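K.L.:
For reference, the chains in residue letters:
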Amino acid sequence: MANIDTTTDAGGRGAGQNALGGDNYLTHGRGLKSWLFTLDHKRIGLMYLVVILSSFLLGGIFAMLIRTKLLSPGNSALMDANTYNQMFTLHGAVMIFLFIIPGIPAALGNFVLPLLLGAKDVAFPRINLLSFYLWVTGALIALGSIVTGAVDTGWTFYTPYSTTTNTNVIAMVAGVFVLGFSSIFTGLNFVVSIHKLRPQGMTWFRMPLFLWGIYGTAILQIMATPVLGITLLLLIAERALGIGIFDPALGGDPILFQHFFWFYSHPAVYIMILPAMGIISELVSVFSRKHIFGYTFIAYSSIAIAVLSFLVWGHHMFVSGQSLLAGMIFSFLTFMVAIPSAVKVFNWLATMYKGSIWLATPMLYVLSFLFLFGIGGLTGLFLGALAVNVHLHDTYFVVAHFHYVMFGGTVIAFLGGLHYWWPKMFGRMYNELWGRVGALLVFVGFNTTFFTQFVMGSQGAPRRSYHYVSQFQPYHVLSTIGAYTLAIGLVIVAVNLAHSLFRGRPAPANPWGGATLEWQTSSPPPHDNFPTTPVAGDPYDVEAWTYDGRIGGFVKKAPAGQPAAS
Amino acid sequence: MLAENTREGGMTGAHPEHLAHHFDTAEQQFESGKLGMWIFLATEILLFGGLFCAYAVYRSIHPEIFVYAHRFLDKALGAINTAVLICSSFTMAWAVRCAQLGRQRALVRLLVATIALAACFLGIKYIEYQHKWKEGLLWGKYFRAKLEQPAGPPTARPTPAPTPAFNPDERSLIPPAAEGPGGLAKRGPEPLLAASPGPPKDVQVFFAVYFTMTGLHGIHVIAGMIVLALMLVRATKGEFGPTYFTPVDLAGLYWHLVDLIWIFLFPLLYLIR
Amino acid sequence: MGHELIGRLLGWASVQAEGGFWMPVQGSTGAVVVDRIFSLVLWVSVFFFVLIVSLMVFFVVRYRRRDARDEATPSPRHNTLLEVTWTAIPIVIVIVIFVWGFTAFLNLNVPPANSYEVLVTGQKWKWLFTYPSGHVDEDLHVSVNTPVSLVMTSEDVIHGFYVPAFRLKRDVVPGRYVKLWFRAVKPGEYQIYCTQYCGTGHSDMWAKVVVHEPGGFERWLEEASNFLKTMSPAQAGERLVRTRGCAQCHTVNGTAGTGPTFLSLFGHQVALEGGRTAPADEDYVRESIMEPQAKIVAGFQPVMPTFKGRLTDQEVTAIIEYLKTLK
Amino acid sequence: MSEGKHDAQRGVAATPVGHVVPFKVLAAVWGTLLAFTALTVAVAGVDLGRFNLEIALAIATLKASFVLLYFMHMRYDRPMNAIVFITALLFFMLFVSLALLDSHAYAPDLIPGYAPALPQ
Ligand code: HEA
Ligand code: HEA
Ligand code: CUA
Ligand SMILES: [Cu+2]
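Protein chains in written order, with numbering that gives the first Met the number 0: chain P, 0 to 565; chain Y, 0 to 272; chain A, 0 to 326; chain G, 0 to 119.
Keep in mind that the hints were calculated from the coordinates and are not lab data.
Keep in mind that the hints are not guaranteed to be accurate.
Said to hold, decoys possible - What the simulated footprint calls covered on chain P by chain Y, stretch by stretch (three residues with Cβ under 8 Å from a Cβ of chain Y suffice, anywhere in the stretch; the number is not a length):
1. 115–127
2. 216–230
3. 242–251
4. 379–389
Computed from a predicted structure; not experimentally measured.
Glycine residues also receive a C-beta, built at the ideal position from the N, C-alpha and C atoms.
Please model the entire structure based on the sequences and the hints provided.
P.N.:
Written out as structure tokens, the structure is:
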């Protein structure tokens, strides 16, 4: 074990610019109203964090029910086929629309983006709050469908099934429509903030890479989400009024619906991963105590992913009846969009080379990310290869692929980022030991759950199946055991973080030695973020900071520039 | 070092009242607002984009439907409505100019004119919709029109006709048992434009497209009117002037976009040949 | 032993005919091609994955921070040549994968000219296969080593036709003919699934491909087409109800579907639209099938299509015999 | 979007922002737009072979550019705003063209007049 022990109370209370007792954004106003009507991005970010993690829990509960049913191939006392269908639909929809798409940008992004910019707030604080309430409204409408006839269409809402099933598709779809606007407004706000609020020292290429990630995400949110909006509107019109645009019985074209849907939903998967990659870029540099390797390549690759991701939606439709020509184009572009991700992975590795690697919890998540996203991304190559896709499409292989990228990529990075910024958000350190235990259990549990699904999938197990041939039972049982392990790991993570709120050691201003601006204000930050305007330097100049045992955190080296952070 | 930072003034100096605390200069705030609005307009383009896409796909696959069905639209009313919207755009642009120059009375009047023209547009649209409604020229499921030739009730799903509208050999509920598929796999592409007399099949597709496009546009007109009404209220209170007109400007941008979309809808829906 | 396990993991086994760790049995010519591409991608992936993970582990062990004050060893912040290299190499690799995947896909989609054609119909929640002779069956029977092309369409929503052993999959779209072909290489039975989610019974929408020895298929077809002669009338009727689409609207378990249930229909009085009643005897049933609109059962829509010209007299008689057994 | 109330003492505020478009320009654009509308209606009556759609769209695009450039101040604005707008158009065109390409390619497989009486 490295002897940087943050688990003991090294510095004592109040050390190193801990603002817990004094004036900070948490204490700046009191009472429920000061939270519900706040325009402070930090508070909005926290409110997002709470509702988003609750959605994660909800989606996770659905997942556990799914996994429990799948222990046996036949009928189950736990649920019948219809309930099962509703269960995976709700699991998918909650995880995608409520949890992971808003996840990193709205919760972590909202909190740190202005801090990274050294600004007081995002460009449009009211729109920010509006966007939060849109989320709440959308979530309530969508979840309302559970009581009024839970949707059973799969999260993809394919027509004509979705127009003919007798469940309450309209509620779910209307909810997602509203959620879409929440997402659009978040993206809009972030783009304008990044364009207009950068401090002068911060040129585009001195921006922290997390901002590049968020920026790429925002482009996707702005340009793709409206198409989802109109798709969902047409779906509502289809069900409520019988418009017939996607209904073959009325002269419509169901494949067109799939084009509409994936024009959004493919970019959406990069809405999920880009901010995660941003987080990884931050963490890998800080915990290797090294300047990030190949900054420009990483920055450009974010934009390349954002733009290219608009060109590959058809890879979800290789066997859906799309034409050969379109299949060829989309397959080719799919491979091209893998390249920028590869570039990033190599650059992160190179950053670790000759670094001084600190295996704190966030770094464990980084390593976990590299491992899991590597598998997830590489299995994307199988799916992108046309002939192989024919075999793998809509089998558990795809399920495993997207869990590896979404959970193994995005959720893991989210957890890493959460641990990383947790001290900044609440002014408390979590317990390092339990943090590591949690990370490890999540890693092991996750692999057990989903690696088996790759095998099962390539053996030909179709997804969305209540019944399955008994040949697959061993895989399913193993997968379920993994899922329980994973759930225990996540509960440990959650309890550890929650526990720190009350018992955690007060956090110093800069517990990790990050060089970005958020570490140059107290933990937690004051209402206006910075007592004095910070100076934007090189965001990866981590070597300019050094560990100070007295406060248990990092301080700026005296000669390098400013005097040690006051 | 601090001097490097242009935002420093904003952090400490006294803020003008309508400048939000996190902006440093009115310029910065104004430009942020504008950029934000343009981004919002971009999302609107893509929102309508979906409908234009559906239009393009159906029109290029079934030109006969569009050529046939567009005749049921009233070209004259469409043209008048185009002119009405253009005029409202003009009054709006003029209103922004007046706001910038601080001409309060003119601003109020022009906003009223814009709203009035918008109402006029909706009125004409209402007349058009009413005609369609009476003749049953509606979308998908509700299409009830009697077309010149009795082509059979067009694919009515809710109350299926006593004798099925479809030819059982061409399209049946069970596989055509008496004959095999007969070389379907080797069948070449058929001519898309069947030269059969009488109305083409699936005419309701045109009306589905027509009603969704104009309907969504109509909703935007209503939203625009609400925004303009808000601007009007604030203008009557004299809130706008040379240093503070961003809301009017942004509302104007939105209104012009609504016009812009109609400029494309008109030829695409009414002027097909 | 360990050696074998590793081999199976890495997919060597996947190019063997019995089915390996990753891939199931290779039942068609296409499967061989697909498995080769799969193995290529697998190898590429394993290579990069092992590379990345071992570098990662190595760095962690080698450059582990021992003291909080430890600094990184100075090293360059970027190296354009290196970065361009690791951009370019993956590009080349993925282009190879793309080209191979695409050409194989083309072959999977273009049926040979002499292929035997079967019409596949998907409906909630069963597959029906119509042979050129007009025979309709619930399983797909084919002859080994003969190219078979499937013309597929759906009655209701989108279904997905999937035979894992043939590495064959295609969505079956309503309002459209979708084509697909394969050549089976080994006699036997293979599983068919529905992979496009289609509702309650989606996961039960199974069927079998039966690959016959040379000559066996023709014999089977001959015999199966004559089921009216070989089966008892009631059995034949039951089969007709299943395969001719009656079951889509009529249940035999007492619950009403789109049409009334067949359970204890025969011999009872039927309440008709307009208050009249009619006895459900042979003539009534025959009329209901041939002129469905003549008498409408109370509480139902007149949506039943006529089967005039599509069911022979003998077939209707068989159905009637079947209905008689449903008490 | 903007915060706060109008400030009575304008002196405090920074310099006026934005560009004021001369009335003459606005009026000229208005006239042009109306003229083009008349033109497009007139042209629609004439049979120009297969170019009817193209011509109608060309006129519409021209009209739209006038609205954009002058009514919407794009000509005088920061280029970034125009970039945003054009990007949106590009993505839109991409969407339409790929969807069109695909639906054309599979159109021959459609079953003409497919209309089942699906169970409600
Ligand atoms: C976070 C979300 C996320 C991410 C990042 C990705 C990333 C990728 N995805 Fe995935 N995908 C999903 C989420 C995601 N996907 C979801 C949700 C679905 C299914 C939806 C549904 O049907 O319900 C799906 C489905 C899906 C399909 C359709 C499967 C089917 O239904 O038939 C395809 C096909 O091409 C695909 C491909 C890819 C590719 C090529 C990448 C690439 O971007 C991956 C790039 C990464 C790497 C390549 C790894 C890192 C690089 C190296 C280790 C270096 C070596 C690299 C090379 C040699 C190239 N994905
Ligand atoms: C972000 C996206 C996401 C995430 C995270 C997950 C997480 C999980 N998913 Fe799922 N999944 C999807 C997105 C996601 N999924 C989608 C889109 C589908 C397709 C749906 C469709 O077909 O339409 C799908 C489908 C899907 C299936 C296939 C169903 C089928 O096709 O029949 C299965 C089966 O095993 C499954 C399992 C799981 C499991 C075991 C987890 C586990 O990892 C869950 C573990 C989580 C918990 C147990 C919650 C614990 C949380 C807390 C304790 C509080 C949190 C607080 C902190 C950690 C601070 N998922
Ligand atoms: Cu049929 Cu799923
Ligand atoms: Cu995708």
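K.L.:
Find the hints from earlier in the document that the structure breaks and name them by number, from lowest to highest.
P.N.:
The structure conflicts with hint 4 only, although it agrees with all the remaining ones.
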